[in-house]
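Participant: Produce the complete structure using the sequences and hints provided.
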Amino acid sequence: MNTVWSRFNISSVVLGFAFLYLPIVLLVIYSFNESKLVTVWAGFSTKWYVSLLSNQSVLDAAWVTVRVGILSATVATVLGTLAALTLVRFTRFRGRLLFSGMVFAPLVMPEVITGLSLLLLFVAIGLDRGFITVTLAHITFTMCFVAVVVQSRLMTFDRSLEEAAMDLGAPPVKTFFQITLPVILPAIISGWMLAFTLSLDDLVISNFTSGPGATTLPMKIYSQVRLGVTPEINAICSLMIGVVALGVIGASLVNKRREVQRLRDEQAARQGNG
Amino acid sequence: MQKALAAIVSRLVIAVPYAWLLVFFLAPFLIVLKISFSSTAIAMPPYTPVLDWTGGISGLIAKFGEFSTFNYEFLFDDSLYLKAYLSSVVIAAISTFLTLLIGYPIAYGMARAPATIRPTLLMLVILPFWTSFLIRVYAWIGILKPEGLLNQLLLAVGLIDEPLIIMNTYTAIFIGIVYSYLPFMILPLYSALEKMDYSLVEAAEDLGCTPFGAFWKVTFPLSIPGIVAGSLLVFIPATGEFVIPDLLGGSQTLMIGKTLWNEFASNRDWPLSSAVAILLLLLLVIPIVLFQNAQAKAQEAGK
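As you go down the protein sequences, you meet chains A and B in turn.
Per the working numbering, the very first residue in the first sequence carries number 1; after that it's consecutive.
Per the working numbering, the very first residue in the second sequence carries number 1001; after that it's consecutive.
Misleading hints may appear alongside valid ones.
Label pairs and their calculated CB-CB ranges [claimed, not checked]:
#1 L185/A - E1162/B: 57 to 67 angstroms
#2 S6/A - Q1152/B: 29 to 39 angstroms
#3 L185/A - L1022/B: 21 to 31 angstroms
Calculated from the structure, these hints are not laboratory results.
No residue lacks a Cβ here, since even glycine has one placed at the ideal position from N, Cα and C.
Facilitator: As structure tokens, this is what we get:
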């Protein structure tokens, strides 16, 4: 097997990653710029972060975003997990084709269409636009992503574990909570995180379905960006990047520790047998 | 007793997400379809007829008489909309091709990297996906605008004498789409190239193929599933894109996602924006079905 990593391959990977990361790095660097002109460097300063803390409308938007994110990700995780179970475990029931179509279609549906259609539903049933409507909209589009993540874990699930539990007399519901759920839990957690970040991130669907008093952070950023680039927006963005990066790194560390623990357990079990 | 309970539970497992999707995905979609056949009215909600159950079935049938294809006729008569559809497809197609050109060498380089660092490289490609889409698009404004970082750099180096105008042009949209969707292209390409058996390439070279010939005759055909999946993953969302043309493309650029939003927000013409949405969906049905088929095939192969 040829393992030489050629110069061409190395340079294309390095250039590719530079392209992916340079804009984000520049954005973070310029959030510490003293000057009000974003692109002229005038020395290091944290004043934009300080002024951010006294900007009530930004803080309000951040609070709305976090609440919508947590609430919608939690409900979406429950619904998405149920949808995944349905897709993998119940292969025969009336309307299955429609169901799987409805789970997968929102993944590729242009956001403008999802947003418009949900708005028209809320208007038709007379629900005032605001916190509740954004949350319902976010649940709907993120649950499908959770379903895909959990489904792929369920497909590789070793069903003999469940069968063993049931042979030993555990009822199906108990088997689910004691065997199935712990095994697919990592997928459910990453589904929750995915749903949370998608909700945190969403602009288009929120723009359609939100109303007065429920401005999310991306909506706030968007309306400010249209007025021009300011170091303050750079500071908000840098903070959001920081929070997400911490979350992702934290999650991968937890995953790694679990993995190491699992390998150790397996080894111990094997030695115990030998 | 236990069995009956299990039966009820499994019914619920199916029914709850099913009902949710019927109410919040299918019903809204049918409403869009219905409203696209209504006419505009100066009221709240700004369209007529509204679905009205008070008249019972016969009332509902009478309502159907008020349906009009006016919005669709309007869309086809006004060349602005046709141009917007056409330019969305062209912009999405060109950007998809550019993303493929840039993404392929990166995915190939990653797939050929030592196995020990591959997971790290993969993580590094996925990481930008977790940062906000809006923020990534916003970052480019500071780089591309006339007094932005790119022009400062090029002026300082002496490559150009006056700032390049990139912001508010189609070039800026291409850059925005390629940048935002690059991970979607790299991931399927990488998974196709990583699985590939490279002894096939070596065999081709031993038999006298040039390195490029071996790539073109062996590697490239084997990576086609990845190319198809990646291209569709970029093309479909790029066609309906709203944020990128709005922030980077300025007011002159035409894309259908932006047109839909303008009809909805500025002109408050909900029936017309519904008709725009339905036609956009029809435009995307073929690529979406292609994508679902490709996914199903990949899933079958993976089993």
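Participant: The structure should be examined with respect to each hint, and the outcome stated for every one.
Facilitator: Consistency of the hints with the structure:
1. L185/A - E1162/B: 57 to 67 angstroms: holds, 59 angstroms
2. S6/A - Q1152/B: 29 to 39 angstroms: holds, 34 angstroms
3. L185/A - L1022/B: 21 to 31 angstroms: holds, 28 angstroms
The structure is consistent with each of the numbered hints, conforming to all of them.
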